[in-house]
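Using the sequences and the accompanying hints, generate a full structural model.
Residue numbers (the working numbering), protein chains in the order written: chain A, 423 to 668; chain B, -17 to 237.
Careful, some of the hints might be misleading.
Listed next, the in silico DSSO-like pairs over lysine-lysine satisfying Cα-Cα at most 27 Å (straight line) [to be verified]:
no.	chain 1	residue 1	chain 2	residue 2
1	B	K7	A	K568
2	A	K568	B	K(-1)
3	B	K3	A	K568
4	A	K607	A	K638
5	B	K227	A	K568
6	B	K5	A	K568
A partial selection of chain A residues facing chain B, derived with a Cβ cut-off under 10 Å [as the list claims (entries may be wrong)]:
no.	residue
7	L445
8	V449
9	I498
10	I512
11	L526
12	R535
Don't read these hints as lab results, they were simulated from the structure. These numbers come from a predicted model, not from an experiment. Backbone N, C-alpha and C fix where the C-beta goes; we use that ideal spot for every residue, glycine too.
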Amino acid sequence: MSILEVENVSIRYITGDFKDIGLKEFVMRRLKGDYHVREFWADRDVSFTLEKGDMLGIIGANGAGKSTLLKVVSGIMEPTRGRVRRQGSIAALLELGSGFDGDLTVRENTYLRGAMLGYTRQFMNETYEQIIQFAELSDFQDRPFKQLSSGMKSRLAFSIASLVHPDILILDEVLSVGDGAFRRKSEVKMREIIGSGATTILVSHSLPQVREMCSKVLWLHRGEQVDFGPDVAGICDRYAEFLAKR
Amino acid sequence: MYDKLSRHRFLFEELVKRDFKKKYKRTVLGMAWSVLSPLLTLLVMKLVFTQFFGRTTAHYTIYLFCGNLIFSYFNEATSQGMGSLMGNAGIFTKVNVPKYLFLLSKNVQTLINFGLTLCVFCVFCVLDHIAFTWKLVMLLYPIVCLVLFNIGVGLILSALFVFFRDIQYLWSVFTMLLMYMSAIFYTIDQYSYTVQCLFLLNPVYLFIRYFRKIVIEATIPTVWFHLLMAADVLIVVGIGCWMYKKYNTRFLYYV
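Shown next as structure tokens:
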């Protein structure tokens, strides 16, 4: 049994319906006769399966439907069609910097984020020092979060998130946080997690990274699945060629 | 449900803490406001309406306070609950957490405010020579019902608010009308029997009436009265839960 099965998943966004445009626009457009509900398919018929220990790299230009796909895999969204079957716990690290509260202090935000990721209070009490040290924020613990620089914010986010031990780990562009020194540190940490046997899904715009780390690749383009398979080098070559032509 | 709640207990506690800190951030009086604002309303009403209704109504201050106590809790819990889902969009679009937690956390906060005001209410009762009998225990029934009722209304409002932002303006008009129709500062004795029965359709009035019956008249309302309140609560909570269940995965398209 595969640890993650994604079968013909399609996701549709609807724009311009009544709830979206409001009463006034709705009446106006009805009168003018140009009321249309537009559909937008962020993903169409995407299928792949992952076994334990697999590392999937998802590649594709902006707007390819990568983030939406991850939201479906992590259970935040339901697919419009198709289905997702997963086994075991899942942790999704999506757009790390967001979801913090600017008015709370660094310490409070750390606990809140830890709670969101499903840690226990005891676990947070034990690891709090470690998190702050890893993020190099020891001097800022009681400062309001909004006073931090954006690099600091993502460093903290990464430090909290990197403590997860899920069966399936989803990483959306998290390997590119902070300055050079922190990036190296975070990559080591990331490899540790991946090495512990978790099935990982990684979205990255860095082809060398995908080539080096991944065992399978999924290539999306405007919601269509262009290619999927264990032939990492082959797919990456074709993707690089495709990028060069554009 | 219970299993889920215990799993998310830590998150729930942190959300409650956050809401608390944010609410009283940079206020000089902090939590005192939650007691002060109903007291100020009470003072104004007492000054204005004693002329008209105070002479014929026994324990008019307590009569007013009952109305204000219930209504301000209802008003605060529902108006603040309305934004709870939208305000946390940044969280539930990134992490898969039960969405009702945000509303419940807001409700904990307003419940604490209510509790504080209730303490002041008791002090007023003592000052006004209200006899304390065992019947006061019965107040637990309307309080529990009111808490559930507020949660139910909050569920409906917060779900609607995601789709129709108009609801915030509509609701503020509605609550104002409701205030005038809840007999907070007047008595309904002058109305005909039919009109008096119509008042029973207003759930907020039911809660206020229950409080007054127990505290001022020291009588326990009929069984039917209890059932009517329970029915109101069930309907509202039912609709609220149904909406959250139905739109659970669709909220994020509209935030």
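Cross-check of the supplied hints:
{"no.": "1", "hint": "B:K7 x A:K568", "result": "holds, 15 Å"}
{"no.": "2", "hint": "A:K568 x B:K(-1)", "result": "holds, 18 Å"}
{"no.": "3", "hint": "B:K3 x A:K568", "result": "holds, 15 Å"}
{"no.": "4", "hint": "A:K607 x A:K638", "result": "holds, 25 Å"}
{"no.": "5", "hint": "B:K227 x A:K568", "result": "violated, 34 Å"}
{"no.": "6", "hint": "B:K5 x A:K568", "result": "holds, 17 Å"}
{"no.": "7", "hint": "L445", "result": "holds, 8 Å"}
{"no.": "8", "hint": "V449", "result": "violated, 14 Å"}
{"no.": "9", "hint": "I498", "result": "holds, 5 Å"}
{"no.": "10", "hint": "I512", "result": "holds, 8 Å"}
{"no.": "11", "hint": "L526", "result": "holds, 6 Å"}
{"no.": "12", "hint": "R535", "result": "holds, 9 Å"}
Of the numbered hints given earlier, the model fails hints 5, 8; all others are met.
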